[in-house]
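**Q** The lines below spell out each chain.
Number of protein chains: 2
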Amino acid sequence: MKRHFDADLEDLRGRLLRMGGLCEEMIHAAVKLVVDRDEGLLSPVQEWESQVNRLHLEIDDVCLKLIALHQPAAGDLRLIAAALKINSDLERVGDQAVNIAETGVFLCREPRVKLGDIPRMVEVAAGMLKDALDSFARGDVELAREVIRRDDEEDRLKSQTFNELVHMMQRDSSSIARGMDAILIARNLERIADHATNIAEDVVFMVLGKDIRHPAEQARGEPRPSGA
Amino acid sequence: MKRHFDADLEDLRGRLLRMGGLCEEMIHAAVKLVVDRDEGLLSPVQEWESQVNRLHLEIDDVCLKLIALHQPAAGDLRLIAAALKINSDLERVGDQAVNIAETGVFLCREPRVKLGDIPRMVEVAAGMLKDALDSFARGDVELAREVIRRDDEEDRLKSQTFNELVHMMQRDSSSIARGMDAILIARNLERIADHATNIAEDVVFMVLGKDIRHPAEQARGEPRPSGA
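Protein sequence lines, in the order shown, are assigned to chains A and B.
If you read the first sequence in the working numbering, its first letter stands for residue 1, the second for the next number, and so on.
If you read the second sequence in the working numbering, its first letter stands for residue 1001, the second for the next number, and so on.
Derived from the structure by calculation, the hints contain no laboratory data.
Be careful, since some hints might not be right.
What the hints assert, rightly or not - List of simulated lysine to any residue pairs, SDA-like, C-alpha gap at most 20 Å:
{"hint": "1", "chain 1": "A", "residue 1": "Lys-85", "chain 2": "B", "residue 2": "Lys-1065"}
{"hint": "2", "chain 1": "B", "residue 1": "Lys-1085", "chain 2": "B", "residue 2": "Val-1166"}
{"hint": "3", "chain 1": "B", "residue 1": "Lys-1085", "chain 2": "A", "residue 2": "Ser-173"}
{"hint": "4", "chain 1": "A", "residue 1": "Lys-85", "chain 2": "B", "residue 2": "His-1214"}
{"hint": "5", "chain 1": "A", "residue 1": "Lys-65", "chain 2": "B", "residue 2": "Lys-1210"}
{"hint": "6", "chain 1": "A", "residue 1": "Lys-85", "chain 2": "A", "residue 2": "Gly-14"}
{"hint": "7", "chain 1": "A", "residue 1": "Lys-210", "chain 2": "B", "residue 2": "Ser-1088"}
{"hint": "8", "chain 1": "A", "residue 1": "Lys-85", "chain 2": "A", "residue 2": "Lys-114"}
{"hint": "9", "chain 1": "B", "residue 1": "Lys-1002", "chain 2": "A", "residue 2": "Arg-54"}
{"hint": "10", "chain 1": "B", "residue 1": "Lys-1085", "chain 2": "A", "residue 2": "Lys-114"}
{"hint": "11", "chain 1": "A", "residue 1": "Lys-114", "chain 2": "B", "residue 2": "Val-1166"}
{"hint": "12", "chain 1": "B", "residue 1": "Lys-1114", "chain 2": "A", "residue 2": "Ser-173"}
{"hint": "13", "chain 1": "B", "residue 1": "Lys-1085", "chain 2": "A", "residue 2": "Leu-12"}
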């Protein structure tokens, strides 16, 4: 029974990593659509989203079945709880990538727009997601903490892009609609970095049994027991 | 033991509803800050966020302990799984409300901006959240389905507001920065409605054991068993 359970947990991990891999592909294709002005990339992004959504349903289902059948405790339960959350974050990453691709299709039909630091934002966000997934695969807390630290860089790039684009819109009012679209893409990328940060926080909890979210409230409230 | 477990589940439900109530207060105060140009409302919103964050940590902790101690199955397990997800959606609703309030503080220092359908968007989003929480409290599937249907209205209002504000910005370039801010607030409200929709979907799963998310993938993939 235990060996069977271990195989099931391994399978769960595999599904999540497959889902994460699809999300990475989606981000890169969505941004390539924007940068290369290649509308043809919308359809693969949508096809991957459909696969991501199917995995989203399956993984939730697998997690509940594992809890009901095996009554896991301690580390195994924390892995399943982390899987439930990572599942939900990855599904939202997929949504953000679809948003980028759909906005990109509008942008393809407009004169080329200034993208500010968007290419750099993609590198940071996609890198954070990749490393968050690696930290999950390997139970690597140090890598997870490193991901969390990188989120500030993404926020800084977003503000910079935001300001640059608003200035462009103020100088040239014909650029307002496409400037808005570029700003929304920057927001999507910021969100993807937020989801990667959530995943990294879940990895720290999974490995150490220590909840590092909301540090201000942690200090003031009761410390969260690591037992569960 | 069973009676003790029932009391624990009741306590869990109570905490979630308290957290939801705080989120509702936050939304109303954040939007009042914008409409009445009253910066003084930022500080209560931040104080409530801190309470919401504390509940966020506590509720996750309670859920894992209930699973580890009571090894719930069927309906009880679905309630706890729903609680974990609703907890995460409510925390994000709190974040959105804080974003609205912070953007509002910028807007208070600018000439008054056109708000388009934002007041109506608040009514819809806050109403959806309230009803989603009621459907959770009462296990009311019909109300939950009704919440899900209302999300289209919110999306329609957002697009309308978006277009109206872009036109304003094109007519008067001095309004670009504040127009952007109003658009971001409309996006925050749209997200709140999305979170209310997620909560309603979780209620349907909790009560019926039926996952109604991603209908396209449900039809194509294997039906999700209601057992778990």
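**Q** If a hint holds in the structure, say so; if it does not, say that too.
**A** Each hint tested on the structure:
1. Between the alpha carbons of Lys-85 of chain A and Lys-1065 of chain B the distance comes to roughly 17 Å, so the proposed pair stays at or under 20 Å and holds.
2. A threshold of 20 Å between alpha carbons decides the hint, and for Lys-1085 of chain B with Val-1166 of chain B the separation of about 35 Å lies outside it, so the pair is violated.
3. Taking the CA atoms of Lys-1085 of chain B and Ser-173 of chain A, the gap is about 43 Å. The hint is violated against a cut of 20 Å.
4. For the hint linking Lys-85 of chain A to His-1214 of chain B, the alpha-carbon distance of about 17 Å falls within 20 Å, and the restraint holds.
5. Only pairs whose Cα atoms come within 20 Å are accepted, and Lys-65 of chain A paired with Lys-1210 of chain B is accepted, the gap being roughly 14 Å.
6. For the suggested pair Lys-85 of chain A and Gly-14 of chain A, the alpha carbons sit about 15 Å apart, so the restraint of at most 20 Å is met.
7. As the CA atoms of Lys-210 of chain A and Ser-1088 of chain B are separated by approximately 17 Å, the hinted pair is consistent with the 20 Å bound.
8. This hinted pair does not check out: Lys-85 of chain A and Lys-114 of chain A have alpha carbons roughly 36 Å apart, beyond 20 Å.
9. Restraint check: the Cα-Cα separation between Lys-1002 of chain B and Arg-54 of chain A comes to about 36 Å, which exceeds 20 Å; the hinted pair is violated.
10. Using a Cα cut-off of 20 Å, the hinted pair Lys-1085 of chain B and Lys-114 of chain A is violated, with the two alpha carbons roughly 38 Å apart.
11. Of the supplied pair hints, the one linking Lys-114 of chain A and Val-1166 of chain B holds, its CA atoms being roughly 18 Å apart against a limit of 20 Å.
12. Between the alpha carbons of Lys-1114 of chain B and Ser-173 of chain A the distance comes to roughly 18 Å, so the proposed pair stays at or under 20 Å and holds.
13. At roughly 19 Å between alpha-carbon atoms, Lys-1085 of chain B and Leu-12 of chain A fall within 20 Å of each other, so this suggested pair holds.
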